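Listed in order, the protein sequences are those of chains C and R.
Using the working numbering, you'd call the opening residue of the first sequence number 1 and step up by one each time.
Using the working numbering, you'd call the opening residue of the second sequence number 1 and step up by one each time.
Keep in mind that the hints were calculated from the coordinates and are not lab data.
For clarity, every value in this text was computed on a predicted model and none was experimentally measured.
Everything hinted at is true.
Identical chains share a label here; the pair holds if one copy fits it or two copies do between them.
Heads up, simulated DSS-like pairs for lysine-lysine below, C-alpha to C-alpha not over 30 Å straight-line: (1) K184 - K100; (2) K159 - K31; (3) K25 - K246; (4) K218 - K31; (5) K214 - K31; (6) K242 - K315; (7) K246 - K218; (8) K333 - K100; (9) K68 - K200; (10) K20 - K333; (11) K25 - K209; (12) K300 - K242; (13) K246 - K214; (14) K242 - K20; (15) K100 - K242; (16) K315 - K20.
Protein chains: 2
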Amino acid sequence: MKRTEIASLGEFGLIDHLTKNIELKNPSSQKGVGDDAAVLSYDNKKTLVTTDLLLEGIHFDLVYVPLKHLGYKSAVVNFSDIYAMNGQPKQITVSLGISKRFSVEDLETFYEGVYLACEEYGVDVIGGDTSASLTGLTISITCIGEGEESQIVYRYGAKDTDLICVSGDLGAAFMGLQLLEREKTVYDGETDFKPDFSGKEYLLERQLKPEARKDIVKFLRQEGVVPTSMIDVSDGLSSELKHICKQSGVGCRIFEERIPIDYQTAVMAEQFNMNVTTVALNGGEDYELLFTIPLYLHDKVSAIKGVHVIGHITKEEYGLLLETRDGGEISLKAQGWDSIKEG
Amino acid sequence: MKRTEIASLGEFGLIDHLTKNIELKNPSSQKGVGDDAAVLSYDNKKTLVTTDLLLEGIHFDLVYVPLKHLGYKSAVVNFSDIYAMNGQPKQITVSLGISKRFSVEDLETFYEGVYLACEEYGVDVIGGDTSASLTGLTISITCIGEGEESQIVYRYGAKDTDLICVSGDLGAAFMGLQLLEREKTVYDGETDFKPDFSGKEYLLERQLKPEARKDIVKFLRQEGVVPTSMIDVSDGLSSELKHICKQSGVGCRIFEERIPIDYQTAVMAEQFNMNVTTVALNGGEDYELLFTIPLYLHDKVSAIKGVHVIGHITKEEYGLLLETRDGGEISLKAQGWDSIKEG
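Bound conformation, chain C alone (with noise of 0.2 Å):
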């Protein structure tokens, strides 16, 4: 394969070199690339920014993660921040620091993930900065998006009573992680990286290329159900949880066998020995819709297809519950990847 040093063309001909075909689709894209600052205009509506460090090493592992998957989940993960807020993602910039190890063509791939996610979700590449690094790659991204005021959804607006909804299903990116880590493992030291993963696909997409849930948003809108709070799984459904109920001054009580896992996720759970309901609440990586309503809008959420009512809010006082399958009850903890990995 072709390898063009980035030294070749410098900082100036680098960007100009990725960004030469981009053509501006959204009316709020007044100027993109190019200058100082990009101008955007926002008229009538409110402006969301929201903004994603990922760094070589800690976030990605560029052994068994393409640079074509990358460049699309980091802009993915970033749009899911703004239909986490019940809005629309318009712009991104994207910023990198690049070691020698990468070539021109290297930086073409990833970005061709980029442009891919971008022409997918409606959004403009508009500025981004680019970087000689000393160790591995840097990716920095910041996500602009936009929203009517009567519709922004906050984390903090969960009522007692309402009911707590999640998109899709949890756990299988985590899985897939688990996968991925271990066929390395396996791997280690041969330079060809193709392990069989027949049957395990939908783990690997869902960890080597998610999706934000744009169709949701626009569910939700078509029904005319604008939720009480809302927050996407990033982190795990626990964490995201303790988030609405920390802002909202509420408890919740959420059902174990409410929790929707896929068949994959529960068979590789299985396979790691791991327990799935731990992995479903604390995986993370979902980038699915965790959202709450006042209960009268349960049939309207209920007709959204791939949503699932998981349980409801209660009062401040009663704490974060999970009622198990056997009729237990215990208190969600925000246990996070790492301490499943330890434990």
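Please build the complex by placing chain R on the supplied structure of chain C, with the hints as guidance.
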């Protein structure tokens, strides 16, 4: 000095700790830190967005850059990009990748600098991301600002016969860096880096604690002057002139004797056996404003303290020229820092 490990707070604890005293100042900052995205209100104004990625070992050296100064500078260089659009910075997001070498107190010190800059320039911290890093400190800042459509200045509007103006003086930050690098070499291996910099304070200040030219943007507005093009001088005068000329489809002629240079810069260049004009043309990190105005506004702009007319725009076919003190003519090249050092 007290050292609190970051792990003792956790990611959310750390963010809470570092952002707990934020009070949003700007009406456009509707909701800051603490949700999936910040919410801004830019009714009837255009939104300006710029971003910078700063990596340890590439953009800064913590041997001689105090963390508080680094925080200040990281914010200010982003404000400078917004002023270069003739806009007003209003919000920033601050993302940090942090290795175990850094303590909570270190980050407090960094944030003190960020908050001080925000205080001075009327900007709100509205979000960010905090992550572990395997090596060194990674800083990614996105700045959002506002501008009125009729007031926003791009790089592409310069026209034949326009005057070329620059604020302040050039080359000082570069000489400050040379000085710090030299002393670092001298002190190599010693833990206590306290060289004597008396008489060179201005150079150090320009390198370690630069300011953005808020005042120039204000004066231009007071005088009713909207430049035809503008850019901030971060990569050196030559490089910035090249951007303006390329995007505007024009040439330029500047005069060596008119390039503003501080006395300390000249003395230090002499000591380093460097050509001071080359330093001023290619040094970078000046964060001054370079802009063009129609000829008839000459008197108005001359009245602004600290603005120097250094030449004029020409037709594209004349190229980019520097008229030397002895009446000679040389072609302007954007060398950037590295070539000065090597040359």
